[in-house]
Each structure stands twice: as structure tokens, then as C-alpha cells.
Amino acid sequence: MSYTPNESAAQLYAEKTWLAGAIITGTGYGIVASLSWLCFHIFWYRIKIKDVNHTRNVCFLVYVCVIFVLGSLFLASNSRFTQLAFINHRNFSGGPSAYEEQMFSIAVDEIGNVSFTLGNWLADSLLVWRCIIIYRDTGTALSWIILAVVACLMQLASYVLGVFFLIQISTPSSSPYFNADKTINWTLPYFTLSLLINIVVTILIVLRLFLYRRRMIQVLGPGHATESTSVAAMVVESASIYSTFSLLFLITFITKSPVSNTFLQVLGETQLIAPLLIIYREAQGKGWLSGSSSAASSAGNGDQAIRLARFSDIRFASDLARRESAYSTGVAAVQTLDRKEDGIEEVRREDMREEIELA
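Under our numbering, residues 1 to 359 are what the sequence shown spells out, in order.
Do not rely on the hints blindly, as some may be mistaken.
Here are the in silico distance ranges between beta carbons for each label pair [said to hold, decoys possible]:
id, residue 1, residue 2, range
1, Val108, Thr244, 23 to 31 Å
2, Ile167, Gly94, 18 to 26 Å
3, Asn53, Ile87, 43 to 51 Å
4, Phe40, Leu12, 26 to 34 Å
Quick caveat, the hints were computed from the structure, so don't treat them as lab data.
Just so it is clear, the structure is predicted and the values come from calculations on it, not from any experiment.
Think of the CB as a built atom: it goes at the ideal place given N, C-alpha and C, for glycine as much as any other residue.
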């Protein structure tokens with residue numbers, strides 16, 4: 001006796017992909033929650049002790065809290081929507097898979113749609129900002145301005161397409177897979193532009209970090225180019241994790257594979273992991289610093305100067321330490337001599353008292 005629903009193999013396979021996506025999304029949210037707590041703890045402590053970069057710490061703390069809220073809303077919405085499809089409305093015509101595709105516009109799923117889009121905007125915006133920061137001290141001011149303007153225009157275009165995407169999936173009987181108005185399906189342009197932004201920025205960031213690493217090795221040796229320029233750092237700083245999942249979704253979406261159902265849901269949390277990893281590296285002091293960029297940029301023109309400057313700094317520090325040590329040692333010696341003299345004087349006074357008493 002078989003308990004398999006009276007559905008085709010294609011329908012059952014599509015339902016598996018939807019359910020798998022919901023489960024994996026929960027795993028992604030666990031990572032988001034963990035990273036959010038780690039970042040929150042560090043920045044809250046820095047704010048309490050009134051760290052020098054108070055404004056930046058507050059901004060990062062607010063950003064982390066917003067990311068966590070969006071991730072939580074997306075998970076709650078996606079979980080509830082999955083429950084409606086697989087339990088409450090199990091007998092929907094075409095099965096749970098058809099329900100998930102045709103009921104994107106209901107209120108509970110709309111919360112997840114808005115959270116997804118806002119999270120994508122915040123993630124891409126942070127990545128664009130990081131790219132602008134990394135290239136801030138390189139080349140001429142004009143080239144940096146051009147890079148910043150182009151990156152900001154691409155991000156602005158992403159905002160516009162994101163609005164059209166939200167309008168589409170908020171329309172009854174529409175979803176990311178088809179538009180009920182029989183017009184443009186904004187899913188492909190929106191996700192393609194988002195992926196394009198990530199790929200371009202990823203290439204720029206990895207290239208910059210690679211050149212920085214090579215220059216620092218040439219100038220200061222391998223030991224000075226391991227923290228900010230390792231392979232792991234390049235992966236984190238460039239947010240290539242999100243780019244990978246976004247590319248997988250687009251490939252499966254274009255080929256009309258049901259597996260796109262899985263990647264679409266996973267993207268909701270994966271896109272939040274990338275910026276949180278970047279912020280966590282910043283919180284640990286391992287992120288890209290403008291001072292490092294400046295040092296790398298000037299290395300080509302003053303290799304010997306950098307070596308001498310670093311050597312003189314070390315020598316000055318050691319000389320200062322020796323002077324402080326000598327000073328503290330001298331003070332201790334003087335204090336010891338003073339105590340000895342006071343003791344001798346006290347003994348003399350005692351002897352004089354004894355002589356007077358005997359007399």
C-alpha cells in the first residue's frame with residue numbers, strides 16, 4: 001500500500017525543493033543570529049567604554065540590529081508560508097508547490113518579500129561602500145570619484161529594479177517565476193544586476209587585496225601580509241559567498257529547474273551572512289584599514305623610507321623603553337638609599353638616647 005500523494009513525479013520533486021529550501025534557510029538563520037550576537041557584543045562594549053570611533057561603532061551596531069531583524073522576519077515569514085503550503089492548504093490545486101508559486105502576494109509572505117529585498121539592498125550597499133573605502137587612497141582623486149559614482153549609480157539602479165520586483169510579487173497570482181500582468185518579469189533583471197554588482201565589486205576588491213599583499217611582501221616581507229590579505233580575507237571582504245549562491249539561483253532560474261526554489265529561499269539568509277562577516281572582521285580589527293591602503297600606495301615610491309621609518313620607530317620604542325627602565329631603576333635605587341640613610345640616622349639617635357640615659 002502506497003501513501004504517496006496522487007501527484008506527478010515533477011510535482012513531488014518541486015515540493016521537495018521548496019521544503020529543502022525552508023530547512024536550509026533555518027540553518028542560515030542560525031549563522032546570522034550567531035554573527036549578529038558576536039558583532040553586537042563587541043560594538044556594545046566599545047560604545048560603553050566610549051571608544052575613539054564612537055560614531056562608526058554606533059552605525060555598525062544599528063546596521064547589525066537591522067540585519068538581524070530582517071533575517072528574523074524573513075525566517076518567520078518563510079516558515080509560516082511553508083506551513084500554509086504543506087499543512088493548512090495541502091489540497092490546493094497542484095499541491096504545495098503550486099501554492100508557493102501562486103500565493104506570493106498574501107500578507108504573511110509579503111513580510112518575507114519586503115525583508116528579503118531590504119536585506120539585499122543593505123548587503124549590496126555595504127559591499128559597495130567597502131569597495132569605495134578600499135580604493136580611496138589609490139590613484140588620483142578623479143579615478144576614485146569615477147569609481148564611486150559608477151558604483152553608486154549601479155546600486156541606485158538596483159533599488160529601482162528592487163521596487164519593480166516587489167510590485168510584481170505583491171500582485172495577486174504573481175510570483176518571482178511569472179508576472180500576472182503579462183509584462184516584464186523583473187526577477188531576472190533585478191537579480192542579474194545584484195549579481196553583476198557583486199561580481200564587479202568582488203573582482204575589484206580581490207584585485208586590490210592581491211596587489212596590496214604582493215606589495216607588502218616585497219617591502220616588508222611575508223610576515224607583514226598575512227592578516228588582511230589571506231585567501232579567507234579575500235573571500236570574506238569581497239562577499240563572494242553571496243555571489244556564489246546568487247549565481248546558482250540565476251542558473252537554475254534561467255534553466256527553469258525546480259532547484260531554484262531552494263536557492264531563492266537560502267538567498268534570504270545567505271545575503272545577510274556576507275555583510276555580517278565583513279563587520280565581524282572589522283570588529284576584530286582585521287578588516288581593511290585606510291592606513292594600510294595608504295602604506296601600500298606609498299610603498300612603491302619609498303621602500304627604503306618605509307623600512308627606515310619602521311626601524312626607527314622600533315628603535316625609538318626600544319630606546320624609550322630602556323630610558324623608562326633606567327629611570328624607574330634609578331628612582332628605585334634612590335629610594336632604597338634614602339631608606340638606608342633614614343635607618344642609619346634612626347640607629348644613631350637610639351645610640352645617643354642610650355648614652356644619655358647611662359650618663
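Cross-check of the supplied hints:
Between valine 108 and threonine 244 the Cβ separation comes to about 29 Å, which falls inside the hinted range of 23 to 31 Å. Take isoleucine 167 and glycine 94: their Cβ atoms lie about 25 Å apart, and the range 18 to 26 Å holds. Look at asparagine 53 against isoleucine 87: about 49 Å separates their beta carbons, and that is inside 43 to 51 Å. A hinted range of 26 to 34 Å is violated for the C-beta pair phenylalanine 40 and leucine 12, which are about 42 Å apart.
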